[in-house]
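Undergrad: Chains as they are written, first to last, in the working numbering: chain Y, 18 to 351; chain W, 18 to 351.
Which copy? The list can't say, so a pair holds if one copy fits it or any two copies do.
Mimicking DMTMM-like on lysine to aspartate or glutamate, the simulated pairs with C-alpha atoms at most 25 Å apart in a straight line are:
| no. | residue 1 | residue 2 |
| --- | --- | --- |
| 1 | K199 | E216 |
| 2 | K256 | D239 |
| 3 | K256 | E156 |
| 4 | K326 | D239 |
| 5 | K199 | E79 |
| 6 | K256 | E232 |
| 7 | K256 | E157 |
| 8 | K199 | E217 |
| 9 | K133 | D105 |
| 10 | K51 | D341 |
Since the hints were derived computationally from the structure, they do not count as laboratory data.
Number of protein chains: 2
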Amino acid sequence: MKLSIRFRAVWLVSALCILCAPQALADAPLPSWKDTATKKAIVEFVASATNPDSDSFIPVPERIVTTDNDGTLWAEQPVYFQFMFALDRIKAMEQDHPEWKETEPFKSVLSGDLKKVAASGMEGVAKIVAETHANMTQEEFAAIVGDWLATAKHPHTGKAYTDMVYQPMLELLDYLREHDFKVFIVSGGGIDFMRVFAEEVYGVPPEQVVGSTGEASFAMRDGVPAVIKEPELNLVDDKAGKPVGISRHIGRRPVVAIGNSDGDLQMLQYTTIPRSEADTTPRLGIIVRHTDAEREYAYDRESHIGQLKVALDEAPRRGWLVVDMKNDWTQIYP
Amino acid sequence: MKLSIRFRAVWLVSALCILCAPQALADAPLPSWKDTATKKAIVEFVASATNPDSDSFIPVPERIVTTDNDGTLWAEQPVYFQFMFALDRIKAMEQDHPEWKETEPFKSVLSGDLKKVAASGMEGVAKIVAETHANMTQEEFAAIVGDWLATAKHPHTGKAYTDMVYQPMLELLDYLREHDFKVFIVSGGGIDFMRVFAEEVYGVPPEQVVGSTGEASFAMRDGVPAVIKEPELNLVDDKAGKPVGISRHIGRRPVVAIGNSDGDLQMLQYTTIPRSEADTTPRLGIIVRHTDAEREYAYDRESHIGQLKVALDEAPRRGWLVVDMKNDWTQIYP
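Can you make the complete structure from the sequences, with help from the hints?
TA: Okay, structure coming up:
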């Protein structure tokens, strides 16, 4: 209902603009972005892509934007927030699982020994995911995630996790949508996890969220239909999995891709590298670089989370914009 | 560009209606539908779901429609059109595969012995799919399908396959969209196959097409990025696979589901059966029943394609509308 009114308002405003003042929407875009070359390049790309008289004009249906989530739309340190959720869930479920006190990786989760949890590797992570993300319906999982998001606090900032989104990125998504770009999230994070908050926090509806996906099955339980989340993975929507997720869920190539790490390298390549000499549609690759140790975090080549190395080296050659959080943004969180 | 103008027009018309005459859109809907109880039920559902003062009001983001394709939006006799495509492809590729003359199921395809092809079972189908639907990029496949659709003719009617869509269903999709319903195709057909024509023929963009899906992989070929279609299946989007496809691609429960066969049973159940007593959102299930041997085909319980038996028996109990093509539609094809 809230969204409905918002949509209707955007609609009405947009329609009035068509009738009277088409340039109104372009007034003072991206207020939390400093007037640097980065902002200028974004505004120029959008102006040109939406100008029917420009050689760079992109028809509305082709205006597909794919953006990463962790480290691109919200923070990802000291570990991915979804991992914090899984650890909190293990703790919350402890009393029903006395055996976890003696079983890894649960034992280390409960004792707070995250190094040992990490040492349990993919096998350990799979066990945690199976206990916290599977054997329930999508709706049951969504309710659990919603409760967690409403109460959990980030260990460094004390903020709610959904308050650790980047204000300049919220503005960028709005700006693109105002110009008829359709924004999809394409993230290594869990698709069902992100769908719980993406609509309210980012304005991205569930059907435009692509993420790592588990197997699922349909069942009638006491005459009531349900889709049950299974523990096996169907798609790891990271690295080379991102173009696969895009082709599966969207079915056409984006014109804008936004990421922050080497996990986004293939999505940036898939979006921006011309297929042939005849392929002249303008495309924009954007990398959000974490350069602000004071207001957020500073990390790239050596980070264990959100490592940015290969994509950073490739950026100049590909013409990808590198956003410098410290110098391009007046503000980090809303 | 074409769509862009169309979107803009719908937008403008809708906005003017908000400003001046909200009821204008409701004038003479569904012209190819006779004034029967079926049409009345559809119009009443939409009127009530979009009336903010009604208890049955559905907020815009929740107005998700899922519709089957084969036998629901276009014909499916004497065999699924995508199967005709695969057979034609085998014939077109024959000269590069002299070994097919001696290998089943290709030998039978080439000799036109479709009974023997059918007898090769799932294993035979998998071999045909691997040769005709895999080991190429999504774009290469789309080009091949596009060429085929532009030239192939249906064996009974001599029409192009994309001319064998149901005019009343095109009107229904438009009618729903005019009332801010978002229409997704959810079909057992191949997702990449349907995406080639769904936007132009049905007004359904690629990102709103859900179908049976193959595995895929990302590769750089001579420095050019590509998503390659693989022969293995990732999702069979039929029967119990339909709610799984819906949960994966859409992430929320539809309010309207439309099908024509037992392959749609679980989608109809998933969409319409209340989850609890508190679940009072109105939902509509529609079954298109093939009753018109003269203008189209007449088949249901005993058909080898599009069998409709369990869902037909369940329809009265669930309140699903059964469309009688002969008596509810003034016209079949455009």
